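Take a look at the letters that make up each chain.
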Amino acid sequence: MADTTSNIARKRQAFEKEALPHMDALYRTALRMTKNVGDAEDLVQEALVKAYRFWDKFETGSNCRAWLFKIMTNVFINEYRSKSRSPMSVNVDDIDDNYLYGQLATNSDGDNPEKELFAKMLDDDVKKAIDELPDDFRIVVVLSFIEGFSYQEIAEIADLQLGTVKSRLHRGRKLLQKELLDYAIRNGLIKGPQK
Amino acid sequence: MNCQEALDLLYEIIDKEASEIDTQAVKRHLDHCQDCFGRYQLHGAVQSLLKEKLKVKTDIPAIERMRGNILSKLDEIDAERESSGPKPVPFRMPAVAMAAAAALVLLLGTGFFANGLYQHYTEYIPIERAHWAASENADIFKDSDKTARIITAVSKDFGLTMSPGHNGLKLVGGTSREIRGMQVSQFLYGNGEYSASVFVIPASQISFSDDLIRTKVTIDGHCFYDHNCRGCRLLYTVNGDAVIITASTDRNYELTKFNPIIGTI
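Read top to bottom, the protein sequences are chains A and C.
Per my numbering, the very first residue in the first sequence carries number 1; after that it's consecutive.
Per my numbering, the very first residue in the second sequence carries number 1; after that it's consecutive.
These aren't lab readings, by the way, just hints derived from the structure by calculation.
Computed from a predicted structure; not experimentally measured.
Glycine residues also receive a C-beta, built at the ideal position from the N, C-alpha and C atoms.
Please note that the accuracy of each hint is not assured.
[To be verified] Derived pair list, reagent style EDC-like, types lysine to aspartate or glutamate, alpha-carbon separation capped at 16 Å:
(1) A:Lys174 / A:Asp131
(2) A:Lys128 / C:Asp75
(3) A:Lys50 / C:Glu254
[Said to hold, decoys possible] From the derived model, a few chain C residues whose C-beta atoms are all more than 12 Å from chain A:
(4) Ala45
(5) Gly68
(6) Ser155
(7) Leu171
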């Protein structure tokens, strides 16, 4: 079906006004998804161009931000995620829920062990720890932690069951905590476990 | 509620996803359970510190770069959509400072009118598309033998000498192609940041519409026909038997200063 020029211009204007302002948020999440600047820029561009092609399908008044993240997550899963999905080296279920608590409580002298630990940890260390997570976990962790999407929104964005979102987020957290603590111990930020 | 039940809800509470009933029950439990309270406090603090550490400053150059690329892709899509219409599409003039530059319509030569397919059809997209394709597949221009042959042909046929570089752009290479029935020599110039194409077309193969002739503009004392269709800017000049079109999709590149053909203009 042919579009008239004024129709095209109107769509374009609406898209530039509603969708493009989310580029910054898309980019910060893309950085954590792809783990590198070049791929992140490509991913964001591809997602937004795709969104423009499907702009007719976007319902005015619905959540544009979530819709854009859904498109980007989809592109990432289909085209960017590592081809060889390495089996997880850690069995998440072996990590005790209280690992972090136990470690911090026994290996710290202060009242606020978590604050001490994070004060010493660089932003990049935390980002690196996120990057270490397997793709499936990393996607939900990033959407939750960085973007603050609700479980239900994440389920729609990543096309997952609500229960799967909860369990991946939970397991992702456990892995992340373990990675951060191991990192902290390795780098002498806190004392190692005393056996 | 016992400790296990309270701890099972820990992340849902932290993420503010627990129901009101559960939230109240956990609160009551934490009021009298020091151990659980400590765990909640710790995990809550870890969560907010993590979020703090994950904040990133807006990378303005990256955003600007992406924005530029996205906008030209959108222009491309708009152009496709316009061209898929059944009727001739009037140009929408961009808000550029090129005062007198009204819409330019480059009509096809008589050969094409004869078959009736493209009569009255505004013919600008193929040239733009040829430049887009070139800037994205610069490799096909890197054949130095072919480039040398095209340079010689252009020199022999039209007396034009291609410069190895001009206004910050270097010659990537040249190729010869047919665009909608016209025999076109195309040269790609670039510097990694910007790219521009130069098309040399025998004047006998194309005719300018009255509209185009009316929209002649003078920039820095040189005469051009300036066509700026959102995504791609085209400058036409007539030189003897050749029509020379320079094209760039880079909004920030000053195409009017790009005159890579020695001895013209």
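A quick look at each hint next to the structure:
1. The hinted pair formed by lysine 174 (chain A) and aspartate 131 (chain A) meets the criterion: a straight-line CA distance of about 14 Å does not exceed 16 Å.
2. Using a Cα cut-off of 16 Å, the hinted pair lysine 128 (chain A) and aspartate 75 (chain C) is violated, with the two alpha carbons roughly 37 Å apart.
3. At most 16 Å may separate the alpha-carbon atoms for a hinted pair to count; lysine 50 (chain A) and glutamate 254 (chain C) exceed this at roughly 29 Å.
4. Distance to chain A contradicts alanine 45 (chain C) as a non-interface residue, since its nearest Cβ pair spans about 5 Å, not more than 12 Å.
5. Non-interface status of glycine 68 (chain C) relative to chain A is broken: a Cβ of that chain comes within 12 Å, the nearest being about 10 Å off.
6. Remark: the non-interface label on serine 155 (chain C) is consistent with the geometry, its nearest Cβ contact in chain A lying 40 Å away (cut-off 12 Å).
7. With a minimum CB-CB distance of about 27 Å to chain A, leucine 171 (chain C) clears the 12 Å threshold, and the non-interface call stands.
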